Amino acid sequence: MAKLKLQINGEEMEIEAKETALLLDVLRQGLELTGTKRGCETSHCGACTVLLDGMAVHSCVVLAARCEGREIATVEGLSQDGELSELQRQFLKHGALQCGYCTPGMLMAATALLRRNPRPNLEEIKIGLDGNLCRCTGYTGIFDAIQACAQGQPENA
Amino acid sequence: MDRKLIRPETMEEALREREKYGRDALPIAGGQSLLVLLRNKLIDPQVLIDLQTLNELQGMKRQDMGLSIGAMTTIHSLASSADIQTAAPILAQGASKVGSTAIRNLGTIGGNLCHNEPGADLPPALLALNAGVELRRRKGTRKVRLSEFFRNFFETVVTPDELLCSIEVPKLPEGASGVYLKHAISSEDLAIAGVAVVLVPHEKQAGTMREVRIGLGGVSPVPLRATKAESLLNGAVLSDEVIREAGEVAASETEPMTDPHASADYRRKMVKVLVRRAIAAVMGQFERNGNGKA
Numbered sequence: 000m001a002k003l004k005l006q007i008n009g010e011e012m013e014i015e016a017k018e019t020a021l022l023l024d025v026l027r028q029g030l031e032l033t034g035t036k037r038g039c040e041t042s043h044c045g046a047c048t049v050l051l052d053g054m055a056v057h058s059c060v061v062l063a064a065r066c067e068g069r070e071i072a073t074v075e076g077l078s079q080d081g082e083l084s085e086l087q088r089q090f091l092k093h094g095a096l097q098c099g100y101c102t103p104g105m106l107m108a109a110t111a112l113l114r115r116n117p118r119p120n121l122e123e124i125k126i127g128l129d130g131n132l133c134r135c136t137g138y139t140g141i142f143d144a145i146q147a148c149a150q151g152q153p154e155n156a
Numbered sequence: 000m001d002r003k004l005i006r007p008e009t010m011e012e013a014l015r016e017r018e019k020y021g022r023d024a025l026p027i028a029g030g031q032s033l034l035v036l037l038r039n040k041l042i043d044p045q046v047l048i049d050l051q052t053l054n055e056l057q058g059m060k061r062q063d064m065g066l067s068i069g070a071m072t073t074i075h076s077l078a079s080s081a082d083i084q085t086a087a088p089i090l091a092q093g094a095s096k097v098g099s100t101a102i103r104n105l106g107t108i109g110g111n112l113c114h115n116e117p118g119a120d121l122p123p124a125l126l127a128l129n130a131g132v133e134l135r136r137r138k139g140t141r142k143v144r145l146s147e148f149f150r151n152f153f154e155t156v157v158t159p160d161e162l163l164c165s166i167e168v169p170k171l172p173e174g175a176s177g178v179y180l181k182h183a184i185s186s187e188d189l190a191i192a193g194v195a196v197v198l199v200p201h202e203k204q205a206g207t208m209r210e211v212r213i214g215l216g217g218v219s220p221v222p223l224r225a226t227k228a229e230s231l232l233n234g235a236v237l238s239d240e241v242i243r244e245a246g247e248v249a250a251s252e253t254e255p256m257t258d259p260h261a262s263a264d265y266r267r268k269m270v271k272v273l274v275r276r277a278i279a280a281v282m283g284q285f286e287r288n289g290n291g292k293a
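If you're matching them up, the sequences are chains Z and G in order.
Using numbering that gives the first Met the number 0, you'd call the opening residue of the first sequence number 0 and step up by one each time.
Using numbering that gives the first Met the number 0, you'd call the opening residue of the second sequence number 0 and step up by one each time.
Calculated from the structure, these hints are not laboratory results.
All values derive from a computational prediction rather than experimental measurement.
Some hints here could point you the wrong way.
Straight-line alpha carbon distances no greater than 27 Å define the calculated DSS-like cross-link-like pairs of lysine-lysine that follow [as the list claims (entries may be wrong)]:
1. Z/K2 with G/K19
2. G/K3 with Z/K17
3. Z/K17 with G/K142
Construct all of the structure, not just a fragment, from the sequences and the given hints.
Next comes the structure, spelled out in structure tokens:
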């Protein structure tokens, strides 16, 4: 067992975990941050997407020990003081979810995309979400929500 | 018993651990394939040796002979690096087609090569670039050409006491151009067939090539160069007929497998098509850029 110090959503958290524990298990079981979903566990579906130093990663294929000293962001950190983020509001407005299981991963992948590229076109949105599967919506609501966020941005942002 | 994670701080320490544990340990680079194999219980090493902390394996260097790429360079860095886009655009193209955004963010060039999974996108591009690798063990260093690196499905020449340190990509000859084409059902899949082509035009004879290189992935136990098709094209006038024949010859050099994604026969057919399309695409680049033609 190893003692890990992780920086999650701006807060430092300490936890005991196996040396080769996965970030997904540490988040969900150790820290009870269950917003991050367990899907395929083989890096195909993206339900477990979180941000590591601002990059979208699949937490089912990340060793938690490797995240020490780095910034982890999960879906729990998107809303601030009970206020949903713009992206979350647009997801609601555009019906970008049905069962909701892929939504935390979609939100995190889209957050990473919009930080890197505040005005992505449809092709760039598709590439940004290429690691995230949704079996309900057919994606159109999700694309609409992200495009609505992009349109809210100034042209030269 | 819990698996152990060793996080060496120096290359020397990493190589010492590698020698000590041999087959009981596996090095972990980006972990994007290795942790899936662990999850599926296909491997069960007692120890993982983490390469993330080793500065010597990071970054790219421009050298007289070309580029030296650290084994821990991420696929995302390859796809977005201006140096690679200029010096070896087909490598950037291959990198941009690996897995998904999240996998490219953490996956590494060294891991991609050492894992040697059929259908990987980097090997065909690197083969067509005449790349080589540098392998280190505690007592020495050796250089291996990539064409001699892959042994069999998921097998390479790397021994249990070695680490892949860098990938050397020689400069392309003057006037050369290339393309990497991937055929897959879904963008995050491995290639059913992946074809990289580099053409080096003859300065004086219009429409003929001084050198042709064709790298193939996903269509044999190991990624390979289609050397017979290359010989057919070297020095020949690249008519539609010759290009078609080269596709057929390249297909005959493969030993594809049948799996749930595609049959062996279908893979062979895709090699024919992709070799033809890749050559046509590079010829198109020459025409637009006004080189490759007298």
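Taking the hints in turn, this is what the structure says about them:
Of the supplied pair hints, the one linking Z/K2 and G/K19 holds, its CA atoms being roughly 26 Å apart against a limit of 27 Å. Among the hinted pairs, G/K3 with Z/K17 is consistent with the structure: their alpha-carbon atoms are about 9 Å apart, no more than 27 Å. Only pairs whose Cα atoms come within 27 Å are accepted, and Z/K17 paired with G/K142 is rejected, the gap being roughly 37 Å.
In this structure, the one hint that does not hold is number 3.
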